[in-house]
Amino acid sequence: MAQLKYALFLGCTIPYREGSYEISARKVFDKLGVELAEMPDANCCGLPVDPANHEMMLALSARNLCLAEQQNLNILTLCTGCATTMRKTNRTLKTDKKRKEEINRILSQIGMEFKGTIEVKHMVQVLKEDVGYEKIKDSVKRPLTSLTVAEHSGCHLLRPAEYSGWDNPEDPQTLKDLIKLTGAKCLDYLDETECCGYTVVAIDEKVALRISREKLNHARAVGAQALITVCPSCHLMFDTNQTRIARAFNETYDLPVLHYTQLLGLAMGMSPDELGMKELRVDPSKLLQALQ
Amino acid sequence: MEVASVLRVLRNLAVKNGEVPPIYRELAANIKETGYAYKIPGIRNKKREEMGLPPLPKPKASEIAKLIELTDGSKLSKR
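In order, the protein sequence lines correspond to chains H and L.
Residue numbering for the first sequence follows my numbering, beginning at 1 and increasing consecutively.
Residue numbering for the second sequence follows my numbering, beginning at 1001 and increasing consecutively.
In case anyone wonders, no lab produced these hints; they're calculated from the structure.
Even glycine gets a Cβ: it sits at the ideal position worked out from N, Cα and C.
Keep in mind that the hints are not guaranteed to be accurate.
As the list claims (entries may be wrong) - Pairs of lysine-lysine residues, derived as DSSO-like cross-links and limited to a Cα-Cα distance of at most 27 angstroms, are as follows:
| no. | chain 1 | residue 1 | chain 2 | residue 2 |
| --- | --- | --- | --- | --- |
| 1 | L | Lys1066 | H | Lys98 |
| 2 | L | Lys1075 | H | Lys278 |
| 3 | L | Lys1075 | H | Lys100 |
| 4 | H | Lys5 | L | Lys1066 |
| 5 | H | Lys115 | L | Lys1047 |
| 6 | L | Lys1075 | H | Lys5 |
| 7 | H | Lys115 | L | Lys1066 |
| 8 | L | Lys1075 | H | Lys98 |
| 9 | H | Lys31 | H | Lys137 |
| 10 | H | Lys100 | L | Lys1066 |
Claimed, not checked - Example chain L residues on the side facing chain H (calculated, C-beta under 8 angstroms, incomplete):
| no. | residue |
| --- | --- |
| 11 | Val1006 |
| 12 | Leu1013 |
| 13 | Val1015 |
| 14 | Asn1017 |
| 15 | Gly1018 |
| 16 | Glu1019 |
| 17 | Tyr1038 |
| 18 | Gly1042 |
| 19 | Ile1043 |
| 20 | Lys1046 |
| 21 | Leu1056 |
| 22 | Pro1059 |
| 23 | Lys1078 |
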């Protein structure tokens, strides 16, 4: 198999607040023999302004697609929001001739042209379709058999279904399968596919925290020792905001929230420090002790 | 047609009519100034260097501003 190589799209939330996701992803993909090229001129994917100005989102998103086309590489994103936004823009411009002409008229003003030569994939899709479960299984040196976790795939990994098609958004299995490859047990829990609350945090923080709290309660109720995420925004809600949720609702939580790439890295035999686990807000020490 | 797309169209119309939640102005202004939705502190690149990570992407501000202008976003991106 030829070596896999992608243009790594970081987006905004990861550089802003979720550095450990990037650190662990780079380590894990390197171990799997996947090369990640930088995108030194990339901008925001456009998702944050889509509710206000769809045209602006399309133009911003298309600029990133053009940059990857110039590198002749498919895009790999770590953020599910960036993935769904650029995947949707890519498909729209590939299939809607009129839209493509409109956006290309705009892009021509900055010397760019959308050609439609690349694909956009989230890292979960890359692990499933391109790297493959066999190779991931082979990379596991320290199976995490004593660990029982719950997963949160989030809203944007598979929705809208029209633009993904590689898993069922109403009953997603891929992340569960990827967790099982690490040796950890993955539990089912109530309302697994519900939102983390991030989408409304800037409009109504109380509603957002209430949504996150419900998810934490449901994961805790089935006995999960940790929650596993694949999106920086979902991680932010469950990890960074966990103490705020506890304070707001006068409750106690102690549920570590790991990026999937950290879980896989641990199973590959990497140390918690290598995987940026000191950056996590909810202390994973007890969890890590249980692994020893 | 997805429900989310219908809601997006309605939101876009509301913004055109001047009904803009402040957060969208802030996000658009940040993108125009830096290419990112959030203002990432300069110290972050220093920390990245210490951790052995490459520098963050630095999008050409003039190109981003042009895209915003051409998509009728100049008013939205004013603080």
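Status of each hint after checking the structure:
no.	hint	result
1	L:Lys1066 to H:Lys98	holds (21 angstroms)
2	L:Lys1075 to H:Lys278	violated (42 angstroms)
3	L:Lys1075 to H:Lys100	holds (25 angstroms)
4	H:Lys5 to L:Lys1066	violated (31 angstroms)
5	H:Lys115 to L:Lys1047	violated (37 angstroms)
6	L:Lys1075 to H:Lys5	violated (40 angstroms)
7	H:Lys115 to L:Lys1066	holds (20 angstroms)
8	L:Lys1075 to H:Lys98	holds (26 angstroms)
9	H:Lys31 to H:Lys137	holds (12 angstroms)
10	H:Lys100 to L:Lys1066	holds (18 angstroms)
11	Val1006	violated (12 angstroms)
12	Leu1013	violated (11 angstroms)
13	Val1015	holds (5 angstroms)
14	Asn1017	violated (12 angstroms)
15	Gly1018	violated (12 angstroms)
16	Glu1019	violated (10 angstroms)
17	Tyr1038	holds (4 angstroms)
18	Gly1042	violated (12 angstroms)
19	Ile1043	violated (12 angstroms)
20	Lys1046	violated (13 angstroms)
21	Leu1056	holds (5 angstroms)
22	Pro1059	holds (4 angstroms)
23	Lys1078	violated (13 angstroms)
Of the hints listed earlier, those the structure fails to meet are numbers 2, 4, 5, 6, 11, 12, 14, 15, 16, 18, 19, 20 and 23, in rising order.
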